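Student: Which chain is which? The protein sequence lines are B and U, in order. Numbering-wise, the first sequence is residues 2 to 318 according to our numbering. Numbering-wise, the second sequence is residues 2 to 318 according to our numbering.
Be aware that a few hints might be false.
One copy or any two copies: either way a pair holds, since identical chains are not told apart in the list.
[Unchecked claim] Straight-line alpha carbon distances no greater than 27 Å define the calculated DSS-like cross-link-like pairs of lysine-lysine that follow:
id, residue 1, residue 2
1, Lys259, Lys90
2, Lys106, Lys90
3, Lys5, Lys278
4, Lys204, Lys152
5, Lys278, Lys90
6, Lys204, Lys106
FYI, nobody ran anything at the bench for these hints, they're computed from the structure. These numbers come from a predicted model, not from an experiment.
Number of protein chains: 2
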Amino acid sequence: MSNKVKTVLAVDLGGTKLLIGEVTKNGEILNKKKFFSDVTSQERALNSIKEAIVTYWNNGCIGEVIAIGISAVGRINIQDATWYEINPKISEPINLRTELKDITKLPIFAANDVNCATIAEKILGDGKNVDDFIYINFGTGIAAGIVQGKKLLFGSTYNSGEVGHMVVDYDSSTQCICGRYGCVEPLASGLGISERAKELIDKYPSTNLKEDQNGRIGLPELIKAYEDNDPIAQTVLNRATQAAACLIMNLVYTTDPKKVILGGGMLNGGWFIKHIKEYLNDEAMRFVTDGLEVTNLNPNEIALKGAAMLALKEGKV
Amino acid sequence: MSNKVKTVLAVDLGGTKLLIGEVTKNGEILNKKKFFSDVTSQERALNSIKEAIVTYWNNGCIGEVIAIGISAVGRINIQDATWYEINPKISEPINLRTELKDITKLPIFAANDVNCATIAEKILGDGKNVDDFIYINFGTGIAAGIVQGKKLLFGSTYNSGEVGHMVVDYDSSTQCICGRYGCVEPLASGLGISERAKELIDKYPSTNLKEDQNGRIGLPELIKAYEDNDPIAQTVLNRATQAAACLIMNLVYTTDPKKVILGGGMLNGGWFIKHIKEYLNDEAMRFVTDGLEVTNLNPNEIALKGAAMLALKEGKV
């Protein structure tokens with residue numbers, strides 16, 4: 002019998018990077034390695050995952066690896082580890098369990114990135130002591146995980162929690178990639194605020210805001226401009242925080258959580274939550290007795306840890 | 002041993018009437034009786050329930066009554082039958098199990114009216130063969146029941162599904178009783194469309210619309226006026242159907258149901274659903290593989306039947 006600590010080899014495939022690491026049952030990351038990821042197709046994304054696992058595995062693991070847990074962007078069936086799609090418009094179902102089993106012969110579990118983050122909250126984070134909570138990720142996009150009666154909800158097709166496509170402003174002229182107008186994602190996500198700011202640049206020649214080398218205007222730049230009374234930043238961020246608050250309260254009325262936990266890049270530094278709170282209505286929040294807070298887990302590692310916890314619980318989350 | 006059919010004595014307390022009846026396990030109503038209800042306070046409402054049960058019980062029951070099931074407006078804990086409140090601003094918790102036990106000595110179960118309607122759908126209606134569905138009631142107010150993995154969700158304080166307070170139009174000048182602006186309830190509920198139409202009467206002196214003896218402008222009158230090109234009716238009903246469609250799609254993205262079932266007085270006659278469908282987006286509805294439909298259960302009896310089913314399942318729904 003091995004004296005080594007039992008670990009899960011966890012993979013977190015994001016839009017631009019892939020993180021792989023060994024995680025203990027307490028959520029400690031013993032070692033990790035970062036790769037670039039290619040998610041321009043599911044096949045290429047699968048190759049990114051395969052390469053990462055082969056490389057890590059062949060270099061030798063620290064602990065006794067007992068399972069593999071995978072977090073990935075897109076829609077994933079946690080029962081059988083079928084990864085339906087990254088982009089809803091191109092569905093090419095891939096069974097990750099079948100595709101990856103020969104590398105290590107270990108049991109394989111997989112879930113969508115926001116579901117994995119919610120699992121991490123539930124087992125390691127601030128969702129540990131409540132039966133009912135929601136985790137909302139405000140990052141490049143927006144999505145949520147809903148936990149009721151200690152169970153994470155997946156919906157009938159593993160598509161629940163796609164709350165970035167909740168319309169909060171149906172008279173808006175801002176169209177979302179989903180086709181509807183006034184969704185919260187193009188108003189309050191990282192990509193959304195960048196796009197909204199860029200749309201306004203021609204109207205306000207006095208602004209100092211400009212795109213970075215990736216064609217984006219990031220939250221830190223917008224916050225700085227906001228504090229300097231830049232009209233674009235004020236318009237975009239006031240709308241973003243209002244839309245985010247509206248989404249939170251809409252979800253509270255729908256799911257009645259005891260606690261609301263926010264995560265994702267938009268929450269870095271505390272500015273976004275502080276301004277969201279200005280728009281919260283006491284009546285709407287009255288049953289959220291354990292409050293609204295930002296995750297205490299490291300946003301760069303939350304999905305990796307969640308993928309590991311999913312594998313340790315054998316998908317029973 | 003009694004040869005009588007086993008029944009539940011079910012009570013449905015609404016805003017203006019109370020229905021009591023004996024329901025079999027197949028959902029057949031053997032006998033029923035209607036009373037006026039007084040819901041101006043919880044105590045008066047409790048007296049309405051007591052009187053109805055005493056009267057019915059003393060007149061003799063048809064079957065062998067094995068339990069009592071109560072559906073009532075407001076927030077109710079189905080575990081212990083505590084009725085927290087009718088109006089969220091005045092909470093006077095009453096334990097219905099304790100208060101009513103001496104009348105019949107039978108076990109007592111209780112849930113909120115929309116939860117009862119959802120239970121009826123789940124056991125007797127179109128939710129019978131799906132694991133995940135949502136039932137949305139468009140009546141005087143708007144609320145929903147969410148069933149996932151065959152379980153009805155209640156939230157942390159029996160307040161889930163209060164989706165009438167989902168903001169769909171945050172720039173709206175229409176304020177809801179909850180304090181927020183642009184909630185779907187004041188735009189798309191029976192009371193809401195009446196209020197919206199009344200607000201416009203002074204602006205359109207040419208309209209034939211007028212309040213009925215209760216100070217309301219009902220959906221049938223508005224539909225008739227709409228078809229006669231009345232500008233008030235067109236403004237109000239186009240907005241109502243758009244807001245209703247928006248709510249449905251927002252809930253679909255949040256909970257990922259296989260089927261959406263609509264009920265409540267607004268659905269009578271088929272006009273409302275036909276016009277809602279004009280606003281539905283294929284992308285948003287693509288996973289609702291079992292479709293959007295109006296309940297097949299009689300809207301006047303759905304909560305009564307649900308209360309009976311709740312009692313038969315001993316609250317395990």
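Student: All the hints need checking, so say for each whether the structure fits it.
Tutor: Now for the hints, and whether the structure bears them out:
{"no.": "1", "hint": "Lys259 with Lys90", "verdict": "between (35 Å within a copy, 19 Å between copies)"}
{"no.": "2", "hint": "Lys106 with Lys90", "verdict": "neither (33 Å within a copy, 59 Å between copies)"}
{"no.": "3", "hint": "Lys5 with Lys278", "verdict": "neither (46 Å within a copy, 60 Å between copies)"}
{"no.": "4", "hint": "Lys204 with Lys152", "verdict": "neither (48 Å within a copy, 52 Å between copies)"}
{"no.": "5", "hint": "Lys278 with Lys90", "verdict": "between (35 Å within a copy, 22 Å between copies)"}
{"no.": "6", "hint": "Lys204 with Lys106", "verdict": "neither (58 Å within a copy, 74 Å between copies)"}
Of the numbered hints given earlier, the model fails hints 2, 3, 4 and 6; all others are met.
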